[in-house]
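One letter stands for each residue in the lines below.
There are 2 protein chains.
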Amino acid sequence: MEHLQTLDGYFKENREEHLGQLKEFLRIPSISSLSEHKGDMKTAAEWLMNSFNSVGLENVSIDETDGHQVVYGDWLHAEGKPTILVYGHYDVQPVDPLNLWTSAPFEPEVRDNKLFARGASDDKGQVFMHVKAVEALMKESGSLPVNVKFIIEGEEEIGSPHLEKYIKENKDKLAADIIVISDTGMQGPGQPAVCYGLRGLTGVQIDVQGSQSDLHSGLYGGGVQNPIHALAEVLASFRDQEGTIAVDGFYDKVRPLSDEEREAYKALGFDEEALKEEVGVAELFGEKGFTYLEQTWARPTLEVNGIFGGFSGEGIKTVLPAEAGAKITCRLVPDQDPDEIVEKLKAHIEKHKPAGVTVKVSEFDKGKPFITPFDHPAIQAAGRSYEKIYNVPTAYTRGGGSIPIVAAFDEILGLPVVLMGFGLSSENFHAPNEHFHLENFDQGLRVIGDYYYEIAGFSKDDLKK
Amino acid sequence: MEHLQTLDGYFKENREEHLGQLKEFLRIPSISSLSEHKGDMKTAAEWLMNSFNSVGLENVSIDETDGHQVVYGDWLHAEGKPTILVYGHYDVQPVDPLNLWTSAPFEPEVRDNKLFARGASDDKGQVFMHVKAVEALMKESGSLPVNVKFIIEGEEEIGSPHLEKYIKENKDKLAADIIVISDTGMQGPGQPAVCYGLRGLTGVQIDVQGSQSDLHSGLYGGGVQNPIHALAEVLASFRDQEGTIAVDGFYDKVRPLSDEEREAYKALGFDEEALKEEVGVAELFGEKGFTYLEQTWARPTLEVNGIFGGFSGEGIKTVLPAEAGAKITCRLVPDQDPDEIVEKLKAHIEKHKPAGVTVKVSEFDKGKPFITPFDHPAIQAAGRSYEKIYNVPTAYTRGGGSIPIVAAFDEILGLPVVLMGFGLSSENFHAPNEHFHLENFDQGLRVIGDYYYEIAGFSKDDLKK
Numbered sequence: 001m002e003h004l005q006t007l008d009g010y011f012k013e014n015r016e017e018h019l020g021q022l023k024e025f026l027r028i029p030s031i032s033s034l035s036e037h038k039g040d041m042k043t044a045a046e047w048l049m050n051s052f053n054s055v056g057l058e059n060v061s062i063d064e065t066d067g068h069q070v071v072y073g074d075w076l077h078a079e080g081k082p083t084i085l086v087y088g089h090y091d092v093q094p095v096d097p098l099n100l101w102t103s104a105p106f107e108p109e110v111r112d113n114k115l116f117a118r119g120a121s122d123d124k125g126q127v128f129m130h131v132k133a134v135e136a137l138m139k140e141s142g143s144l145p146v147n148v149k150f151i152i153e154g155e156e157e158i159g160s161p162h163l164e165k166y167i168k169e170n171k172d173k174l175a176a177d178i179i180v181i182s183d184t185g186m187q188g189p190g191q192p193a194v195c196y197g198l199r200g201l202t203g204v205q206i207d208v209q210g211s212q213s214d215l216h217s218g219l220y221g222g223g224v225q226n227p228i229h230a231l232a233e234v235l236a237s238f239r240d241q242e243g244t245i246a247v248d249g250f251y252d253k254v255r256p257l258s259d260e261e262r263e264a265y266k267a268l269g270f271d272e273e274a275l276k277e278e279v280g281v282a283e284l285f286g287e288k289g290f291t292y293l294e295q296t297w298a299r300p301t302l303e304v305n306g307i308f309g310g311f312s313g314e315g316i317k318t319v320l321p322a323e324a325g326a327k328i329t330c331r332l333v334p335d336q337d338p339d340e341i342v343e344k345l346k347a348h349i350e351k352h353k354p355a356g357v358t359v360k361v362s363e364f365d366k367g368k369p370f371i372t373p374f375d376h377p378a379i380q381a382a383g384r385s386y387e388k389i390y391n392v393p394t395a396y397t398r399g400g401g402s403i404p405i406v407a408a409f410d411e412i413l414g415l416p417v418v419l420m421g422f423g424l425s426s427e428n429f430h431a432p433n434e435h436f437h438l439e440n441f442d443q444g445l446r447v448i449g450d451y452y453y454e455i456a457g458f459s460k461d462d463l464k465k
Numbered sequence: 001m002e003h004l005q006t007l008d009g010y011f012k013e014n015r016e017e018h019l020g021q022l023k024e025f026l027r028i029p030s031i032s033s034l035s036e037h038k039g040d041m042k043t044a045a046e047w048l049m050n051s052f053n054s055v056g057l058e059n060v061s062i063d064e065t066d067g068h069q070v071v072y073g074d075w076l077h078a079e080g081k082p083t084i085l086v087y088g089h090y091d092v093q094p095v096d097p098l099n100l101w102t103s104a105p106f107e108p109e110v111r112d113n114k115l116f117a118r119g120a121s122d123d124k125g126q127v128f129m130h131v132k133a134v135e136a137l138m139k140e141s142g143s144l145p146v147n148v149k150f151i152i153e154g155e156e157e158i159g160s161p162h163l164e165k166y167i168k169e170n171k172d173k174l175a176a177d178i179i180v181i182s183d184t185g186m187q188g189p190g191q192p193a194v195c196y197g198l199r200g201l202t203g204v205q206i207d208v209q210g211s212q213s214d215l216h217s218g219l220y221g222g223g224v225q226n227p228i229h230a231l232a233e234v235l236a237s238f239r240d241q242e243g244t245i246a247v248d249g250f251y252d253k254v255r256p257l258s259d260e261e262r263e264a265y266k267a268l269g270f271d272e273e274a275l276k277e278e279v280g281v282a283e284l285f286g287e288k289g290f291t292y293l294e295q296t297w298a299r300p301t302l303e304v305n306g307i308f309g310g311f312s313g314e315g316i317k318t319v320l321p322a323e324a325g326a327k328i329t330c331r332l333v334p335d336q337d338p339d340e341i342v343e344k345l346k347a348h349i350e351k352h353k354p355a356g357v358t359v360k361v362s363e364f365d366k367g368k369p370f371i372t373p374f375d376h377p378a379i380q381a382a383g384r385s386y387e388k389i390y391n392v393p394t395a396y397t398r399g400g401g402s403i404p405i406v407a408a409f410d411e412i413l414g415l416p417v418v419l420m421g422f423g424l425s426s427e428n429f430h431a432p433n434e435h436f437h438l439e440n441f442d443q444g445l446r447v448i449g450d451y452y453y454e455i456a457g458f459s460k461d462d463l464k465k
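Which chain is which? The protein sequence lines are R and D, in order. The letter at position 465 of the first sequence is residue 465 when you use UniProt numbering, and the numbering goes up by one with no holes. The letter at position 439 of the second sequence is residue 439 when you use UniProt numbering, and the numbering goes up by one with no holes.
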């Protein structure tokens, strides 16, 4: 365990410098979904490229795709040893509503040992930790115990529309033995988790058009369909009042939870009262017959992410609006297929479309759900690395979120994927006041460093899926 | 009919100057509902005061209320003759969505003999016509055939919250024999109408709160209520799929249409095909069992005027939003009571409120519905004035819109109200590209001038309600 002490010393000594560098990275507003941030995306990619070069990664490149760029780097001098492919993303979510942020989203600020900024935990902070782990090992011994390849993309938050093609075109360059991703959460403060499954994602935007321009609700009201009302009827038809999704065939391919899984989740002792307090609701609401963990890990959802139409300013405007729209996404679980689900959504919308309006449905990008056996040696090794640093048993969990590209890695490269995250569910990913608990930054750096040694103990054959 | 020729000559001679003045008035962005336009409201009131003074009105004043100001002026030297109280408003509706305007809303522009600007027809243009009618009569003969009082307010578009108090406190100052309002539409191009009834207005804003801040739809989705979904369920519950409002007791006090009224409306030969083309819809949609005119003149409505919640920008944001809201207004018909209807709405919302969210309901300002006998001499006289200028029979109609203060005038002053409007339903009141057909500006000026002579032919007793 000598390397643990070495890592510990290095990270303590350089903590302020590392945090300063991370803040630099977080100041770049790399919002992939908004076209006005195209320049910032390039700046973030360049920042990362420079960072790769400075820690000793080689063959560093910014690779073009049909969308935002991919940043690549490797170190391949551990002859005969396994190769770890580290995947992450440098893009972030939009930041509105801006007025709910205590400090500006792109002005990182440490308060109470938490680093506040968009991207602090999802995912710039965690990508940065892998880079610094490489730096620490290189600085101390001049080499790494395993081979590593980094592939950090800029389109995760918009569903990785171009990465699949990139992986296909770069199969040889990306060849490895396992894939490691740090973009998931821990089970709770001080409670590490290795995630063995993720939900997939699919979605549609519904645009409802009534009259060709807004109408006076007095002159026309009562005789012309109101697109907001029509849209509300469609949205309300998507589920019953108990939260079960009412789209024909939606649950057809859902893999039922095994008794073992349900028992394992129960054993985690999830605190629903604490959750209610954390998110500020008096009661939870979800599909009947399932616990909260089951609902969010192993059951699919249909959520309205946004709605718009008519007048939403101060006061009153008695308008009969011309248009209304809603953005809808579904979280999918094995073995639902995103394309099939979109077809079912479209059929449902067509069936429930009210009279007097036209309805346009457009598709968002899709990601398949993913699951991997939790007894794989690379998974178990991750659990051991956590336990060495956190001194508690690691939980083996599934995640409610989606990293759409995980399923693509699985399909194209055929490699086991290890999801070892350092975020906490209270850290407001995708919401105002995103932050990262710095104790997990500090401990996570050591976990990652140790994990490289753990994997060095296996042969390539051991790690075969 | 000598005065008609005189008026004709005067308005022709001064047309360009008059249009120039009206454009000045329209350039002032007097949006009463938006607090940032408070200064513009004062500018518009002052512009009107100067205009009153310049045409020879007396006792001109800007009167304070607890909201926006009222502009008053009179001319009371027609001894023994009736007094006409002219009511109108100098405030206008908001202008969004701005990108749908062909020319800027506060940069008036004449295209194809139509004047485009916010307020061109609703109601600055029509207020201006009354001022210019006074000017013409004063310029030509040094006096008016009747007494007139002008009361032009700045809060009509937000429901006239302070005018009722103003009328009560100024009963003597406002004493008159009839009230004339030009804020309604004609029956169609070249088809004048006198309106004998108006719908009332009431409304609520529904604010739905789920979690205390936006949540990641992957991590929490499926286990926490979505406020947009909850709101959609409430909105969908407001009516059945045929357009009938499903709020308990909503129709209880609705005065049924008489056979005579239904016949009279039928006789107007309303062209539903032309309407569909005008507003750009493939089919009309309204309460079953009623014609379009009946639906919009004599039946109540419940319209969602605006909805908001979650992410509405470009692309996708997989958020489980914390809040959603909707603005709802009802058009009311005799003898519905706005306060009673709000209570029924609140009871309905309480009953249909989904689990897992809190719902706040706030009230908008209210206006009662109004109706007046169409055989009153002041109504019939208005019909004659139109017929002299337009050379076609006048239609006696009801209006789907609301001038909430009309019911208050009726109740407090006990006077017959004559609604003689010059707008056309195609003129985009409350919507982008509001405009005013200048042929109705030209002919309307003469109708108003003639109407003052018509009323001069009656004794005060003739006009008693």
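Calculated from the structure, these hints are not laboratory results. Some hints here could point you the wrong way.
Identical chains blur together in the list; that is why a pair holds if it fits in one copy or across any two.
[Said to hold, decoys possible] Straight line, CA to CA, 20 Å or less: simulated EDC-like cross-link-like pairs of lysine to aspartate or glutamate:
| no. | residue 1 | residue 2 |
| --- | --- | --- |
| 1 | 38 | 314 |
| 2 | 171 | 259 |
| 3 | 351 | 410 |
| 4 | 353 | 283 |
| 5 | 276 | 323 |
| 6 | 288 | 79 |
Going down the list of hints, with the structure as the test:
In this homomeric assembly, residue 38 and residue 314 come within 20 Å of each other (Cα to Cα) only across copies, at 14 Å, whereas the closest approach inside a single copy is 32 Å. Taking identical chains as interchangeable, the C-alpha atoms of residue 171 and residue 259 are never at most 20 Å apart, the minima being 38 Å within one chain and 80 Å between chains. Taking the shortest alpha-carbon separations for residue 351 and residue 410, neither the intra-copy value of 36 Å nor the inter-copy value of 49 Å comes in at or below 20 Å. Proximity of residue 353 and residue 283 under a CA criterion of 20 Å is satisfied inter-copy only: 14 Å between copies versus 32 Å inside one chain copy.
In this homomeric assembly, residue 276 and residue 323 come within 20 Å of each other (Cα to Cα) only across copies, at 16 Å, whereas the closest approach inside a single copy is 36 Å. In this assembly of identical chains, the alpha carbons of residue 288 and residue 79 never lie at most 20 Å apart, being 54 Å within a copy and 80 Å across copies at closest.
In summary, the numbered hints that this structure violates are 2, 3, 6.
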